[in-house]
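Those protein sequence lines, which keep their order, are chains E and C. Residues in the first sequence are numbered consecutively from 1, following UniProt numbering. Residues in the second sequence are numbered consecutively from 1, following UniProt numbering.
Hint data in this document are derived by calculation from the structure and do not stem from the laboratory.
Since copy identity is lost for identical chains, a pair holds within one copy or between any two.
List time: in silico DSBU-like cross-link candidates among lysine-lysine, alpha-carbon distance up to 30 angstroms:
1. 224 - 324
2. 334 - 269
3. 245 - 128
4. 269 - 128
5. 307 - 117
6. 269 - 236
7. 324 - 245
8. 320 - 245
9. 117 - 243
10. 268 - 320
There are 2 protein chains.
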Amino acid sequence: MTRERAYFEASALRKHGGLCSDHVPEVYHFDRAMSLIGMRYIEPPHIILRKGLVAGVEYPLLAEHMADYMAKTLFFTSLLYNSTTDHKKGVAQYCENVEMGRLTEQVVFSDPYMAAKYNRCTSPFLDKDAEAVRGDDELKLEIAELKSMFIERAQALVHGDLHTGSIMVTTDSTQVIDPEFAFYGPMGYDIGAFLGNLILAYFSQDGHADQANDRKAYKLWILKTIEDSWNLFHKKFVDLWNKHKDGNGEAYLPPIYNNSELLSLAQKKYMTSLFHDSLGFGSAKMIRRIVGIAHVEDFESIEDASKRASCERRALDCAKSILKGRRQFESIEKVIAHVQSFTRD
Amino acid sequence: MTRERAYFEASALRKHGGLCSDHVPEVYHFDRAMSLIGMRYIEPPHIILRKGLVAGVEYPLLAEHMADYMAKTLFFTSLLYNSTTDHKKGVAQYCENVEMGRLTEQVVFSDPYMAAKYNRCTSPFLDKDAEAVRGDDELKLEIAELKSMFIERAQALVHGDLHTGSIMVTTDSTQVIDPEFAFYGPMGYDIGAFLGNLILAYFSQDGHADQANDRKAYKLWILKTIEDSWNLFHKKFVDLWNKHKDGNGEAYLPPIYNNSELLSLAQKKYMTSLFHDSLGFGSAKMIRRIVGIAHVEDFESIEDASKRASCERRALDCAKSILKGRRQFESIEKVIAHVQSFTRD
Numbered sequence: 001m002t003r004e005r006a007y008f009e010a011s012a013l014r015k016h017g018g019l020c021s022d023h024v025p026e027v028y029h030f031d032r033a034m035s036l037i038g039m040r041y042i043e044p045p046h047i048i049l050r051k052g053l054v055a056g057v058e059y060p061l062l063a064e065h066m067a068d069y070m071a072k073t074l075f076f077t078s079l080l081y082n083s084t085t086d087h088k089k090g091v092a093q094y095c096e097n098v099e100m101g102r103l104t105e106q107v108v109f110s111d112p113y114m115a116a117k118y119n120r121c122t123s124p125f126l127d128k129d130a131e132a133v134r135g136d137d138e139l140k141l142e143i144a145e146l147k148s149m150f151i152e153r154a155q156a157l158v159h160g161d162l163h164t165g166s167i168m169v170t171t172d173s174t175q176v177i178d179p180e181f182a183f184y185g186p187m188g189y190d191i192g193a194f195l196g197n198l199i200l201a202y203f204s205q206d207g208h209a210d211q212a213n214d215r216k217a218y219k220l221w222i223l224k225t226i227e228d229s230w231n232l233f234h235k236k237f238v239d240l241w242n243k244h245k246d247g248n249g250e251a252y253l254p255p256i257y258n259n260s261e262l263l264s265l266a267q268k269k270y271m272t273s274l275f276h277d278s279l280g281f282g283s284a285k286m287i288r289r290i291v292g293i294a295h296v297e298d299f300e301s302i303e304d305a306s307k308r309a310s311c312e313r314r315a316l317d318c319a320k321s322i323l324k325g326r327r328q329f330e331s332i333e334k335v336i337a338h339v340q341s342f343t344r345d
Numbered sequence: 001m002t003r004e005r006a007y008f009e010a011s012a013l014r015k016h017g018g019l020c021s022d023h024v025p026e027v028y029h030f031d032r033a034m035s036l037i038g039m040r041y042i043e044p045p046h047i048i049l050r051k052g053l054v055a056g057v058e059y060p061l062l063a064e065h066m067a068d069y070m071a072k073t074l075f076f077t078s079l080l081y082n083s084t085t086d087h088k089k090g091v092a093q094y095c096e097n098v099e100m101g102r103l104t105e106q107v108v109f110s111d112p113y114m115a116a117k118y119n120r121c122t123s124p125f126l127d128k129d130a131e132a133v134r135g136d137d138e139l140k141l142e143i144a145e146l147k148s149m150f151i152e153r154a155q156a157l158v159h160g161d162l163h164t165g166s167i168m169v170t171t172d173s174t175q176v177i178d179p180e181f182a183f184y185g186p187m188g189y190d191i192g193a194f195l196g197n198l199i200l201a202y203f204s205q206d207g208h209a210d211q212a213n214d215r216k217a218y219k220l221w222i223l224k225t226i227e228d229s230w231n232l233f234h235k236k237f238v239d240l241w242n243k244h245k246d247g248n249g250e251a252y253l254p255p256i257y258n259n260s261e262l263l264s265l266a267q268k269k270y271m272t273s274l275f276h277d278s279l280g281f282g283s284a285k286m287i288r289r290i291v292g293i294a295h296v297e298d299f300e301s302i303e304d305a306s307k308r309a310s311c312e313r314r315a316l317d318c319a320k321s322i323l324k325g326r327r328q329f330e331s332i333e334k335v336i337a338h339v340q341s342f343t344r345d
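One chain only, chain E, in its complex shape (with noise of 0.2 angstroms):
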């Protein structure tokens, strides 16, 4: 990876962090040349969310938080707030970073695809899934349109690795870090993300349930939190929008979108179609975590490798079908009851 990375972490570190002080930890000092970061230290008891949900912690703020971080970073770098002049200026500087850029291309759209060196998958056991994956040509066409609109499509200043593995959490506190994949894409990218990471750590759960514990309660407390992040956040993203509405957004021009009913339907257009990209985005993450290169630890602290296949099989098998049929979902209580359709309880 390039080292240049830095400035683009920091940079938006500093963006983000400006929009959204709460979430986002304060950079002191960057030095470009030495590609140095300098910043808050993110202090104990934090620790890094995807740990956290494989240990079954609950973290009550945690769709509050997150739903506040992606409604004001995406909100205030996109069209719906900015004149065109700034949106350009933003875009064509992360351009640069398009080094990035490719290997999440690679990784996350390409990889998987295909007969890639660095694939992996829990072998034996998911070795049919991850061919048919190969060689599933309505997934293919799906993604395809997903990794267009990943590079072409620049709507927002994305964090643009947003798992549960770039979030560090307490009880009360959830900082984002690590963005160093930064770039103007579409905000379903980011969002997506979160939610799709979410369902995989629901999935593995079985993995983690024992005599002490069933996690019953806390793949219960999980959904609840896939369900309360999109919520708030369209609820949080709809009001920065209402607020905002008069403003220097280019979009939706104030003499155009004149009635409030008028203003209402333009955002349920807006919010339906981010939701679907959300789901298509949010399910090509599961997807590669299972059988491209970069797994996860929701799984891979799964020891018996059997039923971490099973664990992992649901889970691919309801990414899939999520990214196939993702226009089809109204809400996100009818993703949720699908994605439970795929569990025994």
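Following the hints, complete the assembly by docking chain C onto the known chain E.
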């Protein structure tokens, strides 16, 4: 308008000229400080296509030439041919042509849908029609989607102003000039501009008919040219895709899209989406020429205001219905039948 637009015009002429030298005049010299372009003199009897269309002159090679120009300039500057690295370099460069982009946003996607100072129409005949555009919520929802796509989606290096006034012709030569609005945007914006302006020319013919020439045959020639332009573009574009499918294009990697049936499905999906984008942008370009600031000679040269208004109204009604229903059209033939349904013959 900024003086810097000469830089983007010269850059785009050179880039597109390198891809399609038959239909783009050569640039001999460019001086950025002086904003001076030394380029091929496009000699008589070349005239601006729009003037030829007003005069009722047939150009038998126009569809073939424009299909060639659009297929080559769009395909070779897209992710179907280029690596992401090269693509993002181009995107960043043309982000600086933002002032020209903003002008387009205003005159094409904003002003016609609001009470704007410089809007005009053939008054009083079309006053109510213009007002209806400004009060049409369904239309405003569609134009918002197209506007966002125009700004956000860097699909290819588009000409950015490909109407019939940017094309010089003789019966056997077609030269595309004036790409001062060039930027990385949706391909459909160029295709739509060309087709939409041909449809405007079609609707203007009743206003140019006289006893010597009822223009009926000419109207059919225009419709045939629209049909051929899309169909030939489609063929040439897909031919280029097939020819270069094993190249460096990032969007559809050969190890993934590894069988001809799948590739063919991917192409069908891509081209259908491009067709609908083109219809959307094409109708937006038609609407703005009737109720926005800049009108076209096709209509302006009809001296009788009542007759002009009646031609314009048909074009406007047609454009509105295509913009709203564009996803229902399966072929250019269906679009042409729809266009014809707005005239008496």
